[in-house]
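Let's have the full structure, built from the sequences with the hints guiding it.
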Amino acid sequence: MSKESNTAIARNDPVLLPDSPRVIYGKNPLVQVICQLRFPPILRIDAEPPAAFQDRIRRDYPLLQEKPVEELIDFPSDIPRNVVNLLRMATKQRSVKAYDFRSEDGNWIVSLTRDFLALTNTNYERWENFRNHLDSPIEALLEVYQPAYFTRIGLRYQDLIQRSKLGLDGRVWGQLLKQHIAGIFCASDLKGTVQEVYSETVLQFPDSSWRSRLRHGLALSPDKEECYLIDSDFFTEEKVDTNHAMEILNCFNRQSGKLFRWCISETLHEAMDPRPIEPAV
Numbered sequence: 012m013s014k015e016s017n018t019a020i021a022r023n024d025p026v027l028l029p030d031s032p033r034v035i036y037g038k039n040p041l042v043q044v045i046c047q048l049r050f051p052p053i054l055r056i057d058a059e060p061p062a063a064f065q066d067r068i069r070r071d072y073p074l075l076q077e078k079p080v081e082e083l084i085d086f087p088s089d090i091p092r093n094v095v096n097l098l099r100m101a102t103k104q105r106s107v108k109a110y111d112f113r114s115e116d117g118n119w120i121v122s123l124t125r126d127f128l129a130l131t132n133t134n135y136e137r138w139e140n141f142r143n144h145l146d147s148p149i150e151a152l153l154e155v156y157q158p159a160y161f162t163r164i165g166l167r168y169q170d171l172i173q174r175s176k177l178g179l180d181g182r183v184w185g186q187l188l189k190q191h192i193a194g195i196f197c198a199s200d201l202k203g204t205v206q207e208v209y210s211e212t213v214l215q216f217p218d219s220s221w222r223s224r225l226r227h228g229l230a231l232s233p234d235k236e237e238c239y240l241i242d243s244d245f246f247t248e249e250k251v252d253t254n255h256a257m258e259i260l261n262c263f264n265r266q267s268g269k270l271f272r273w274c275i276s277e278t279l280h281e282a283m284d285p286r287p288i289e290p291a292v
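One gets the working numbering by counting positions in the sequence shown from 1 and adding 11 to each.
Each hint can be trusted.
Simulated pairs of lysine-lysine, PhoX-like, Cα-Cα distance not exceeding 20 angstroms: (1) Lys-176 <-> Lys-38; (2) Lys-176 <-> Lys-235; (3) Lys-189 <-> Lys-269; (4) Lys-78 <-> Lys-108; (5) Lys-38 <-> Lys-269.
I should point out that these hints are in silico values taken from the structure, not numbers from a laboratory.
Following this line, the structure appears as structure tokens:
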């Protein structure tokens, strides 16, 4: 294993947020979970259909859609995100092939391009189930394409808090979110007047290459109800040996529960019907 990948592995989870008991919510606010593994470009994925890859995962992901996607140019991670977005808008980007392999029920999507593998789930229940669905695509990638290493590993959770589904109609966001998240909603003289709020923060884990990009703010549900979105993306951009991806993802999962609990009030926590379960390994 390379020196670079050593720095991305933690024997114990870096301490960023206070511990909280692991739970699953009976009224689950998660709308989408995405895991993405990036690797140096593999031209064979562009040059020929990924038939051997499909054969290895077809039982669980029988539906195939091929589509072009714009290839994102990688910029140094220390460049501010708004500057990166402007540079990408000003730079002509070429299209590359992307393959989406879907489960029959449509809740699971494996995406493959020349430089990343991703798994998206829209009915997340618990980490162990998600991890099991991720095993076969990773194994297929390693067997068929043999990427030298991963250049970025990310795990992203998107929670949409919809008050009507939780029996919280009439509750203001200042009562449902921790004060450091609620911000302006804690100003009683502005009650009912805030129409748009969005915040983006990047947290650096101590003594680690790991980071978390936390986005949160008002959003609309499909039926146009005012909701609150908590979007947390845990990632490392250091070179990682392919054998250690799952170890890092397990740690990211543990951190995601701590971060979500750090964002919400006890009132909201209890309204979602928390059910204690054993810690994930």
